[in-house]
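Participant: Given the coordinates of chain A, work out where chain B should sit on it, guided by the hints.
Number of protein chains: 2
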Amino acid sequence: PEKKGPETLPPYPLPPKSRQQSVLPEDLKTPDHHVERDPRLIRLTGVHPFNVEAPLKDLYDEGFLTTKDLHYVRNHGPVPQVQDSEVLGWEFTVEGLVEKPVRMSLRDLILDYDQVTYPITLVCAGNRRKEQNVVRKTKGFSWGAAGVSTALWTGVALGDLLARAIPTRGARYVYFEGADKLPNGYYGTSIKLNWAMDPNRGIMVSYKMNGEILHPDHGKPLRIVIPGQIGGRSVKWLKRIIVTSQPSDNWYHIYDNRVLPTMISPEASADLPDTWKDERYAIYDLNTNSATCYPGHDEKIALGGVSDGGYKFRGYAYAGGGKRVTRMEVSLDQGKTWTLANITYPEDQYRLASDNEVLYGGRVDLSWREACFCWCFWDLDIPLSQLRDAKDVVIRAMDDSMMVQPRDMYWSVLGMMNNPWYRVVIHNEGDFLRFEHPTQPALMPGGWMERVKKEGGNLTNAFWGEKLSNESDSST
Amino acid sequence: PEKKGPETLPPYPLPPKSRQQSVLPEDLKTPDHHVERDPRLIRLTGVHPFNVEAPLKDLYDEGFLTTKDLHYVRNHGPVPQVQDSEVLGWEFTVEGLVEKPVRMSLRDLILDYDQVTYPITLVCAGNRRKEQNVVRKTKGFSWGAAGVSTALWTGVALGDLLARAIPTRGARYVYFEGADKLPNGYYGTSIKLNWAMDPNRGIMVSYKMNGEILHPDHGKPLRIVIPGQIGGRSVKWLKRIIVTSQPSDNWYHIYDNRVLPTMISPEASADLPDTWKDERYAIYDLNTNSATCYPGHDEKIALGGVSDGGYKFRGYAYAGGGKRVTRMEVSLDQGKTWTLANITYPEDQYRLASDNEVLYGGRVDLSWREACFCWCFWDLDIPLSQLRDAKDVVIRAMDDSMMVQPRDMYWSVLGMMNNPWYRVVIHNEGDFLRFEHPTQPALMPGGWMERVKKEGGNLTNAFWGEKLSNESDSST
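Respectively, the protein sequence lines represent chains A and B. Here this note's numbering is used: the first residue of the first sequence is 1, the next is one more, and so on. Here this note's numbering is used: the first residue of the second sequence is 1, the next is one more, and so on.
Just chain A, same shape as in the assembly (with noise of 0.2 Å):
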């Protein structure tokens, strides 16, 4: 064979290599046995079913992709088992409202369609929904700040899969069902058909994640990632796509995933079937949201030695529907003035790759793309004479429809789409700088949310529950 030349670097991420996995003591008595998963991440539901982030700074340190290792997952159940022989034989169906209804295998899939790949940031709508746990309790449990990942994924365009159906009059939505059979049915949601037809939302029918066939806790062996929404739309599993007139009536569609207007209390809740069904209040896009990794929660750095040294805070923001990130904002006078972060988009790196070039054996489908499917960085150094002042540091997003993230928390009976400013707390310990997050994710106790409350502030008063005794700073 021919010696290969030294190769040319892509002028885009690769995602870092996952270390060696194993099925986990913890998991040999369930019905996960047969799972190999990484013991960093954390279980926010107790052992089973699995529904796991990492550590917030081990997610930040992956880089923009991030392995299978340390992705988010979100498990309703039991994770469907499928052995590697099985996977291109594995079929799902496209039927409903359609005028050629089809059930076909993954092999089919990939030899009669274009492959495309490209890198889509997913992520939980229970991400940052600790914080309002601790202000209020809701019917869903302790997200942290890491319910949120990104990866290159491989499939075919859902519209190209639809437009072979070809959707007859009155179809207006698109179902997804899943192989996991819970307590309520199999899981399934749907979306508008609109969508599930414009390339410019990108929303795929996909096999590979990172090049490698589907993790089983990411839908092995094939699953719907749709950019820009929701995690909870992009079924796993996938065994059924059907084209209806109306939104899906499936348990998870109307009970999960909804952000109730704020004064309903989980008691009322109960009773509300027409507030349930309102898909007005249905999550789809993502909301704009920001979150601090660097420093770490209970981090400390030395004062004195290097006067003039600084702190370079650092994280991530993302938002939903193909919006930018525009700007990221940081204050360290809890909004009275604020300063401008740095901002990277990894994801623009993939536009520059040519027209035909291919990854994992899908085009790189992005050079046309005007939409932003993935999170982006922040930094910003900050000298510690600053910091030493400060109280505390607060960050906001704003998208390019010029919304930013607000100031007060919206607080809902599912606990969903939590994007108040991200505040880190600054304890000045003499010697050194402690920095204290607003919660840890699961039952891990830590954060100024719970300190303050136990303290009894009221979180919601517009200033995280501190005494506005010295409110008249702010008069001059």
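Derived from the structure by calculation, the hints contain no laboratory data. A portion of the hints provided could be inaccurate.
Because identical chains share one entry, a pair is satisfied inside a single copy or across any pair of copies.
[As the list claims (entries may be wrong)] No farther apart than 25 Å at their CA atoms in a straight line, the calculated lysine to aspartate or glutamate pairs in the DMTMM-like style are these:
#, residue 1, residue 2
1, K137, D333
2, K312, E357
3, K57, E36
4, K192, E370
5, K312, D381
6, K192, D348
7, K137, E436
8, K391, E26
9, K277, E370
10, K192, D355
11, K467, E429
12, K277, D348
13, K467, D392
14, K277, D379
15, K391, D408
All values reported here derive from a predicted model rather than from experimental measurement.
Facilitator: Same frame as chain A, but now just chain B:
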């Protein structure tokens, strides 16, 4: 001729009747001496150029559709004079990066293309800017909250025009130029080609408003109308459509309709060309916004007498980019608790029109659309007993991307896209309650913002400049 039977009323609103207009005395000595106008319009930039909004209650009272009498106007200079006899012969071009550049007349546009009609809400990016000007003077003049209007627009889908011209490789933007020559050249601006080609976005080349040829202030005889985006992109008196590889470098595209980061002062902005040219700061989609129209500023309601009565608060809301306003919430305790208001969406009534229904010569092209292009209306009956005990009534809208209007104002040097909670103060004056809006448009005095500022309050302290001595309330 046959006698007509009683006509069936359409399931959607038709425009209210316009009043007889005439040239107003104040316009006689200006270049606009040929333009007939309604004397109720409030002039925001002196006599000329013509920049106006209607009194807020008058606007609201016209209902879903606004007549040309009261539709807001944003003119940068003299209105081009076009005789009725010249309308059909008006020529414009489609040129630039296209295979088949064309010069055509409005007559050709009407004869050769499909005609469509639908309602579109236009909003000036400066709507509610007066509030920002009270906080700190911006470079823009003082819009109140009536820089928003809705009409039935008839014309041709811009994508149809561009498809026939066939954009070439590398085409990414579409530039529109008007016939209005200004100190810095013709008014012109660009949007993304991708948007222009997308039928879901509903961008139109229009020659009829509410069934009549365009009023001179609204672009007679031809203009662009872009649903869901700020009015500044909907170029009037259209002469050229140019497909390009880069965003426009027209002076008005760079130095107008941008939201620079909030920390940039008017002084600093004078020397930041790269910041001005950063497309991330250009405004396209509207952000989510709302206002209270009733009670109006300085309106009084009697107390006593009917002990159990209430007042029906009501107003408008809108979102951008095709998004729907999914909830309106009203607070009587400065954001501690909220009540859900009713919302009506008259736009949805047009979706019921049959597929081939024609109005004003254009197909009523809505039945298949998912997007919202129009404002909606909210109302909430509030018992007098509650109003008597409240200091103010604040409102906020949430859109279907789960972004909510923020408590805090985002000030920027041009003063645009102002969308914090709309706050009406209640003055309990013994026998009656008096309501006070934030501001009044133009140089008109009045409103709680000027009053609080004069009293030394800091309007940006998250509590509208109020003293926070009573903050102990909020930790109970």
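Participant: Under a CA distance limit of 25 Å, which applies to K312 and E357: within one copy, between copies, both, or neither?
Facilitator: Neither, since 36 Å and 61 Å both go past 25 Å.
Participant: From the Cα coordinates, with 25 Å as the cut-off, is the pair K277 and D379 best called within, between, both, or neither?
Facilitator: between (41 Å within a copy, 22 Å between copies)
Participant: From the Cα coordinates, with 25 Å as the cut-off, is the pair K137 and D333 best called within, between, both, or neither?
Facilitator: between (29 Å within a copy, 22 Å between copies)
Participant: Is it within, between, both, or neither for K192 and E370, if the alpha carbons may be no more than 25 Å apart?
Facilitator: Both. Shortest intra-copy (21 Å) and inter-copy (8 Å) distances satisfy the 25 Å Cα cut-off.
Participant: For the identical chains here, do K467 and E429 meet the 25 Å Cα criterion within one copy, between copies, both, or neither?
Facilitator: Answer is within: at 21 Å inside a copy they meet the 25 Å cutoff, but 32 Å across does not.
Participant: Is the C-alpha distance from K277 to D348 at most 25 Å within one copy, between copies, in both cases, or in neither?
Facilitator: Result: close only across copies, 19 Å inter versus 38 Å intra.
Participant: As a check of your reading, is K391 near D408 (CA-CA no more than 25 Å) within one copy, between copies, both or neither?
Facilitator: Answer is both; intra-copy 18 Å and inter-copy 20 Å each pass.
Participant: Between copies, within a copy, both or neither: which fits K312 and D381 at Cα up to 25 Å?
Facilitator: Within. Shortest intra-copy distance 4 Å satisfies the 25 Å Cα cut-off; inter-copy 51 Å does not.
Participant: I want to check one pair: K391 and E26. Are their C-alpha atoms no more than 25 Å apart within a copy, between two copies, both, or neither?
Facilitator: neither (41 Å within a copy, 57 Å between copies)
Participant: When no copy is named, should K137 and E436 be tagged within, between, both, or neither for a Cα gap of at most 25 Å?
Facilitator: Answer is within; shortest intra-copy Cα gap is 21 Å, inter-copy 37 Å.
Participant: Give the relationship of K57 and E36 under a CA distance limit of 25 Å: within one copy only, between copies only, both, or neither.
Facilitator: For K57 and E36, the Cα distance is within 25 Å only inside one copy (22 Å; across copies 65 Å).
Participant: Can you tell me if K277 and E370 fall within 25 Å by alpha carbon in one copy, between copies, both or neither?
Facilitator: between (33 Å within a copy, 18 Å between copies)
Hint compliance for this structure: hints 2, 8 are not met, and every other hint is.
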